[in-house]
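K.L.:
Letter by letter, the chains look like this.
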Amino acid sequence: MIVVEDLHKSFGEVKAVQGVSFKANDGKITGLLGPNGAGKSTTLRVLYTVLKPDSGSASIDGVNVVEDGLAARARIGTLPHGSGLYPHLTARENIAYYAKLYDMDPAIIDERVQTVVDQLDINDFADRRTKGFSQGQRTKVSLARSLVHGPQNIILDEPSNGLDVMATRSLRDLIRQLKKAGICVLFSSHVMQEVAALCDEIVIIAAGQVAIHDTTDGIRNATGCEDLEEAFVKAIHMVEAVE
Amino acid sequence: MKTIRTVFLKELIDNFRDRRTLVSAMLMGPLFGPILFAFVINLSVEQSLENAEQTLDLPVIGREHAPNLVTYLESQNIDIKDGPESREAAIEAVSLGERDVVVIIPENFGENLSQMIPATVEVITDQANTTAERETRRATRALRGYGQEIAAMRLTVRGVSPMVMRPLNVDEVDVSTPSGRSAILLGMLSYFFLFALLTGGMNLAIDATAGERERGSLEPLLCLPVKRDHLIFGKILAACFFMAISLSLSLICFHFVLRFMPLQELGMTPNFGPLIVLIAWLLLVPFAVVGASLMTLVASFTKSFKEAQTWVSVVLLAPTMPILVVSILQVRPSTELMFIPSLSQHLLLVDLIRNEPVNMLHVVASVGSTLVVGAVLTWICARLYRREGLLG
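For the protein sequence lines, the chains are Y and L, in the order given.
Quick note on the working numbering: the first sequence kicks off at 1 and runs consecutively.
Quick note on the working numbering: the second sequence kicks off at 1 and runs consecutively.
Be aware that one or more of the hints could be misleading.
As the list claims (entries may be wrong) - DSBU-like mimics (lysine-lysine), calculated; alpha carbons at most 30 Å apart, straight line:
{"id": "1", "chain 1": "L", "residue 1": "LYS303", "chain 2": "Y", "residue 2": "LYS52"}
{"id": "2", "chain 1": "L", "residue 1": "LYS2", "chain 2": "Y", "residue 2": "LYS15"}
{"id": "3", "chain 1": "L", "residue 1": "LYS303", "chain 2": "Y", "residue 2": "LYS23"}
{"id": "4", "chain 1": "L", "residue 1": "LYS306", "chain 2": "Y", "residue 2": "LYS131"}
As the list claims (entries may be wrong) - From chain L, some residues computed to sit far from chain Y (all C-beta separations above 10 Å):
{"id": "5", "residue": "THR6"}
{"id": "6", "residue": "TYR72"}
{"id": "7", "residue": "ILE80"}
{"id": "8", "residue": "PRO84"}
{"id": "9", "residue": "GLY97"}
{"id": "10", "residue": "ARG215"}
{"id": "11", "residue": "GLU219"}
{"id": "12", "residue": "CYS223"}
{"id": "13", "residue": "ILE245"}
{"id": "14", "residue": "CYS253"}
{"id": "15", "residue": "ARG259"}
{"id": "16", "residue": "ILE340"}
Hints were generated in silico from the structure; no laboratory data involved.
Beta carbons: idealized from backbone N, C-alpha and C, even for Gly.
Work out the full structure: start from the sequences and follow the hints.
P.N.:
This is the structure:
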């Protein structure tokens, strides 16, 4: 479970996040939706502790990300924006490297790596060096790497960027599987259809603030728009009008 | 500790598979020094042979016109050989590089000489041919010598002292000794070793920040539940390891190269046996900590791998600075100087190779201070790795 409360973060003059609050529950898929530059990545970066918030707090399974970053990071699997692999290592070695850094018991590492390799269906290229992998292959390996320690929470920053139709479909299937396993999935996107197709709850962010946080049906009702895209645009205008 | 070990081992595997790192660590660094050194040594051997009087073979056209001149030249350790048939043939041979220099004595040489008309002697040479330069200089010097001798005789016959022709007596005293010359060359040696050492870990040092960032692997790495200090320590340690390999290869390479060098001809007897190689390694290897952390530090300020390479190359020159200053000022080793990394390694190495006793206090000061400087730089790297701005 991920809880964000009144988060603020500025970079010099730029106020990236101004008072974002939401809650993402276990066994649910929560989508962070917003235009480019709305503050999605900044919010997620605070959650996986590479950025410190100016004020406000965030916790993962009740562990405060600012006070105990190490313990908070241990509870999440992350796929940051544009995740890169080590080109001279094989896919399997890339995953195993992270398993070791997660301080897993060496006796079970091989087995766990094989489990995620199966789960993501990357057996075909698991033993090849990752240099020259396609974007889809890279994303799958990155994802396998962040799941290897069996985290209770998964944070994905624009995971479908650069993926083709088939790869996007298999990514969606995987996210649904994770949900079924009772995991808390939080992911960001600027593609309305994707969020609509997957999410139980949607948090629309614009100009560093939460415009609406509701289920898909809830958002339709609140904005009075049947079409989600229209609802999205309307929600964003609502925030910008207040600004 | 476990994290440091994991990162260290991963960097080793990763870099042993990386051609770029391998080429710079295993080839560039270790070979650059010996090759340049061999070149410089051969050049100075050639120069020193010039000073040693060696018989010069000089082709002469028309030797029958000046038997006295020929006798004089032969007394100057010049062997007179028959030249080409004609002046044209001589010019062609010299311009084609078949001969370096040809002297032509015209038919009227003796006649002009006896009538006190300046007698012409032609020296055919090619100024663009650097190997001919030395022989030409010797031939002309000998010819002038003969001219002066005749002038002196003419004056003596007229009752004038030949000393009137020599108002000045310019005497050049060369105090350079073979050991002084070898000190300069040996000074180069220590720089080559430090250069090889630094090149070995260059790519790893850049990869720790700029490389990881450019590849997009830094952010997921920082999301792991590990201390950032441990990540950077593992990476610096791996860079040190590659630097140590590069240093070892460079030392071994020199050990063999020096065997085949005509160093005795320069009056140098450098001591570079297996034991010395081992001691030199132990004296130099602490510098790897300074090099690795300094390069990591410099690279962490840059935006991309390319930019990092540019700046880190500057670091390659850093160890020359103290060595250069000391070579110019001719400073003798002292305990204070042992606190300056790269300089202390240089001074100790020169003593070692010259077969002079190495002061143990100096060794302790050198190793100790180098490791302290390395530790401080590593600590600064760790501080920088904790910054938010690291992700760029």
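K.L.:
Hint by hint, work out which the structure violates, then give me just those numbers in ascending order.
P.N.:
2, 3, 5, 10, 11 and 12
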